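Residue numbers (the numbering used here), protein chains in the order written: chain A, 188 to 302; chain B, 19 to 132.
Honestly, the hints are just simulated from the structure, not real lab data. Bear in mind the structure is a predicted one, so any value in this text is a computation, not a measurement. Note that the Cβ used here is the ideal one computed from N, Cα and C, for glycine as well. Some hints here could point you the wrong way.
[What the hints assert, rightly or not] Example chain B residues on the side facing chain A (calculated, C-beta under 8 Å, incomplete):
hint: 1; residue: D74
hint: 2; residue: F83
hint: 3; residue: P116
Take a look at the letters that make up each chain.
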Amino acid sequence: AQSVTQLDSQVPVFEEAPVELRCNYSSSVSVYLFWYVQYPNQGLQLLLKYLSGSTLVKGINGFEAEFNKSQTSFHLRKPSVHISDTAEYFCAVSVYGGATNKLIFGTGTLLAVQP
Amino acid sequence: GAGVSQSPRYKVAKRGQDVALRCDPISGHVSLFWYQQALGQGPEFLTYFQNEAQLDKSGLPSDRFFAERPEGSVSTLKIQRTQQEDSAVYLCASSLAPGNYEQYFGPGTRLTVT
């Protein structure tokens, strides 16, 4: 079975500061990795995904993430955050070659950007 | 183009009532997923359709939950005899094809059972 751990339930940060949101996963098989963002009362929007190739993945809104297979991590980073980045961020995995491509999510991290 | 739409956006049901939640996926998307998101939690998989075929219903929490997609487009999630623990946001997502891992999510239906 697969699982995703997001250790930080909330990350407060000042505007224009850098931020890292942590994600670790557990799986006995190869997985694909995703970060989604959820703004209040909205559905989830894909930020970025790692399927193969370069372990450094760039996404929308200036976010990037690095896949580290040995540490089973996929941390999300942004060098300078804006107030508009305030939202809930979810890390997710999907089994490589799985029958359904279903996503397994972590519990989410609330990024709270303060002026 | 239009994204995934869900209706109603909010639903309040008395315990024991039946509810039906609708999902309109992106036109042409073969794969459709339902997820349940409890307050303060990440979404959890409920069921998966490939066209009209329900290929995975392993996440449905009880036999009170039923989903269908009879013509391979619109899907309905039905919950019979609702219980308070069914209160959650129900998210629908679609993707272009089974091998395409990018899922597009709707805004969700917030169900409150009183």
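Status of the hints after comparison with the structure:
1. D74: Given a least distance of 5 Å, the restraint on D74 (chain B) holds.
2. F83: Hint on F83 (chain B): violated, closest Cβ of chain A at ~16 Å, above 8 Å.
3. P116: Check passed: Cβ of P116 (chain B) comes within 7 Å of chain A, closer than 8 Å.
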